[in-house]
Amino acid sequence: MGVVTDKLPGALEKVPGGNVLVTRFDEIINWARANSLWPLTFGTSCCAIEMLMATGGPRHDLARFGAEVARPSPRQADLLILAGTIVKRMAPRLRTLYEQMAEPRYVIATGACTISGGPFIYHSYTTVRGADEIIPVDVYVPGCPPRPEQLFHGLLTLQKMIKEGETIREPGVRRKPVISALPEGVTLEDIQGQMKELLVKENVVDVQHAVDKLKWPSGLNERSSGKSDANESGAGDGT
Amino acid sequence: MEREALQAAVCELDSAVRPLDENADRAAVIVEASALPAIIRRLRDEPEFAFAQLLDHVAVDWIDRGQFELIYQLYSFKHKHFLSVSVLVPREDPRVPTLCRVHPVAEWQEREVYDLFGVLYEDHPDLRRLFLEDDWIGFPLRKDYQDDFMLDRPR
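The listed protein sequences derive, respectively, from chains Y and R. Counting from 1, position 161 in the first sequence corresponds to residue 161 in full-length UniProt numbering; the numbering is continuous, with no gaps. Counting from 1, position 17 in the second sequence corresponds to residue 17 in full-length UniProt numbering; the numbering is continuous, with no gaps.
Rather than coming from a laboratory, the hints here were simulated on the basis of the structure. In this text, a Cβ means the ideal position worked out from N, Cα and C, and glycines have one as well. Fair warning: there could be bad hints in the mix.
As the list claims (entries may be wrong) - Derived CB-CB ranges, DEER-like:
(1) Gly193/Y x Gln53/R: 46 to 54 Å
(2) Pro125/R x Trp38/Y: 43 to 51 Å
(3) Phe149/R x Arg24/Y: 33 to 41 Å
(4) Val105/R x Thr41/Y: 29 to 37 Å
(5) Glu133/R x Pro177/Y: 25 to 33 Å
(6) Phe131/R x Val200/Y: 31 to 39 Å
(7) Glu133/R x Lys213/Y: 29 to 37 Å
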């Protein structure tokens with residue numbers, strides 16, 4: 001519980017007597033979902049080796065973003081990273097795998113083949129021209145194959161989408177698919193620097209900043225300001 | 001054996017074998033389709049050649065010449081030398097005797113070539129499609145293959 005109160009100040013408030021008050025349930029659920037994505041081990045060609053397996057390894061290390069628990073069974077997975085060409089014979093199997101996955105399920109399409117058919121778009125008798133002809137895709141990561149950092153960029157984009165996305169009032173309603181393309185002229189050192197910065201930022205909690213960001217209803221604002229002393233003393237008792 | 005010596009020795013075997021000099025890196029011969037299984041069997045059994053492995057079997061569609069070229073890659077563990085054996089068959093009626101009795105691995109390799117080129121292997125025990133669906137129409141690696149799914153590159 002301490003983790004949640006630290007990471008999401010304001011979403012879960014301690015009240016005197018050892019109880020907690022949940023203020024924004026969506027945020028807690030989405031935060032938990034975004035940080036424990038379980039990808040399905042699904043690679044159909046070269047992208048899986050060059051990018052997906054490389055990110056799972058210790059040099060790039062997908063575990064830093066909480067998505068390292070690759071599952072061989074779709075029933076235990078909620079993230080489908082499409083890595084490689086999808087051909088006509090694979091298409092029904094892919095659809096079956098997607099439908100077996102637990103809701104809510106997310107899909108990242110990586111590489112030119114999965115996005116559009118890539119080099120096999122013309123004169124091919126078997127390559128499906130884009131995986132989104134078969135299943136809905138949330139994030140597109142272009143490249144042939146993408147660098148592992150680009151997959152991280154796509155994963156972080158998906159996490160951002162999840163955190164801002166679904167609510168309990170409108171289940172299943174998500175944002176539109178996005179392309180997670182790296183801007184031109186960005187070097188590897190830039191990406192690694194940004195990732196490091198982001199990791200540090202994610203792991204440092206600025207409680208005051210988060211509290212300032214909260215949008216309370218206007219009536220509550222006055223009451224909370226009046227009761228702020230009592231709240232602080234209550235929290236002090238609790239800890 | 002060296003490339004030239006091996007090629008010459010293989011051509012001595014039978015009158016149905018002719019040298020093929022288009023390949024510069026590997027001994028290569030052309031064989032008449034009817035004589036193919038006997039030649040391959042002799043290449044396997046005679047200790048001078050000892051081609052014990054059929055490495056690969058592929059086809060080339062020479063649409064301008066109206067021919068399929070069937071290429072058998074042989075390898076000898078004993079002598080560590082390679083041989084490429086080609087057979088030319090007409091595109092309209094591509095028939096060739098199967099090599100299943102000589103090299104059992106040829107069964108699936110020939111199924112693959114049948115699947116994608118439509119070459120018919122006489123006496124093959126199980127000539128079905130290998131990669132494509134059983135109800136697929138046509139042979140997609142033929143140069144003149146067309147279907148509704150394929151896109152042409154815009155000019």
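### Query
How does the Cβ-Cβ distance of Phe149/R and Arg24/Y compare with 33 to 41 Å: does it lie in that range?
Given range 33 to 41 Å: violated, Cβ gap about 49 Å.
### Query
Range hint 31 to 39 Å: satisfied by the CB atoms of Phe131/R and Val200/Y?
violated (50 Å)
### Query
Honestly, do Pro125/R and Trp38/Y meet the 43 to 51 Å range at C-beta?
holds (46 Å)
### Query
Quick one: are Glu133/R and Lys213/Y within 29 to 37 Å, going by C-beta?
violated (56 Å)
### Task
Determine whether the Cβ-Cβ distance between Gly193/Y and Gln53/R falls within the hinted range of 46 to 54 Å.
holds (53 Å)
#### Entry: Pro177/Y and Glu133/R - C-beta distance against the hinted 25 to 33 Å
holds (30 Å)
### Query
Do the Cβ positions of Val105/R and Thr41/Y conform to the proposed distance bound of 29 to 37 Å?
The hint (29 to 37 Å, Cβ to Cβ) holds, given that Val105/R and Thr41/Y are roughly 31 Å apart.
Checked against the numbered hints given earlier, this structure breaks hints 3, 6 and 7; the rest are met.
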